[in-house]
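K.L.:
Could you build all of it, start to finish, from the sequences and the hints given here?
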Amino acid sequence: MQTLYCFLIPIILLFICGIYCLLASFNLIRIIIGIEILIKAATLLIILCGYITGHMAAAQSIVITLIVIEVVFMIIAGGIVFWAFRHNETIDPRKLTNLKG
Amino acid sequence: MTINIMLLFGLVISGLWTVMTVRLIRAIVGLAVTSAILSVLIYRLGAPFAAVFELSVCAGLIPVIFIITVNFTERITKERLRERRKERFVKFWYLPVVIGISCLLLIKYLKIPQFSLPAPAQEQDVRNVLWNMRHLDLLGQIVVLLAGALGVAVLFKEHKK
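Here the protein sequences come in this chain order: A and B.
According to our numbering, the first sequence is numbered sequentially starting from 1.
According to our numbering, the second sequence is numbered sequentially starting from 1.
Among the clues, some could well be false.
Said to hold, decoys possible - Computed cross-link-like contacts, DSBU-like style, restricted to lysine-lysine with a CA-CA straight-line distance of at most 35 Å: (1) B:Lys111 <-> A:Lys95; (2) B:Lys78 <-> A:Lys95; (3) B:Lys157 <-> B:Lys78; (4) A:Lys95 <-> B:Lys108; (5) B:Lys78 <-> B:Lys91; (6) B:Lys91 <-> B:Lys111; (7) B:Lys157 <-> A:Lys95; (8) B:Lys108 <-> B:Lys91.
As the list claims (entries may be wrong) - Residues from chain A shown here face chain B by an in silico Cβ test under 10 Å; the list is partial: (9) Gln2; (10) Pro10; (11) Ile80; (12) Leu99.
Hints were generated in silico from the structure; no laboratory data involved.
Computed from a prediction, not measured in an experiment: that's the story for all the values here.
Backbone N, C-alpha and C define an ideal beta-carbon position, used for all residues, glycine too.
P.N.:
In structure tokens:
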């Protein structure tokens, strides 16, 4: 139970960091960095659950799937940022108004 | 346990630095450091395969993708950097305060209810679990990779004039 307590507090703090970054940043790359930090916290939480329940093999396989999804998300997000910059000369989401109806 | 606590402290500090630093390149380096510390923690919790994936992919590949994206996008002048530093200081100076207060409140009030866990199952090999028990996950991974490749192809397609 001590392990759960020690790990849970930093996980919650990391979640706060990520959510704050998402809410306060107006730069697409920083928004992706915020999502990455949230994914890091989720990864640690999954491994912690596996450690506590004794199902570490299942937790590891879920984390491997999560990492694959993370990489694909990163590549697509990077492509979208590059596309947005090429077409709008900015990566500030407030100025990306091409799709505004 | 002491090493784990030090690593967890380092994880939070590097996450905070990643969010607060002005230059994007430094933020990316901070993210890589966060991933490296996380992979050590995962290894210490007894998950070596996930730790290797985390270290090689999240601390190695993803920062490279980030740096390429940053290089392809904006180049920042010194004046703009100064302005941005001011903007970020106004927006982010209270994040360490929020983190500190949250930490104190959590230490004081976080009560984990006592619960009994089922007896741990017989430890299985992660390769066996991944290939035999969770093979639908592998199918999902293949679909996600193909969707990613298709997405990149669509995003970088040159329009014919």
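K.L.:
Determine for every hint whether it applies to the structure shown.
P.N.:
Right, here's what the structure says about each hint:
1. B:Lys111 <-> A:Lys95: 45 Å, violated
2. B:Lys78 <-> A:Lys95: 22 Å, holds
3. B:Lys157 <-> B:Lys78: 34 Å, holds
4. A:Lys95 <-> B:Lys108: Not OK: A:Lys95 and B:Lys108 at ~43 Å, beyond 35 Å, violated.
5. B:Lys78 <-> B:Lys91: OK: B:Lys78 and B:Lys91 at ~20 Å, within 35 Å.
6. B:Lys91 <-> B:Lys111: Since the Cα atoms of B:Lys91 and B:Lys111 sit roughly 32 Å apart, the hinted pair holds (cutoff 35 Å).
7. B:Lys157 <-> A:Lys95: 23 Å, holds
8. B:Lys108 <-> B:Lys91: 28 Å, holds
9. Gln2: 8 Å, holds
10. Pro10: 4 Å, holds
11. Ile80: 7 Å, holds
12. Leu99: 15 Å, violated
Of the numbered hints stated above, those contradicted by the structure are hints 1, 4 and 12, listed in ascending order.
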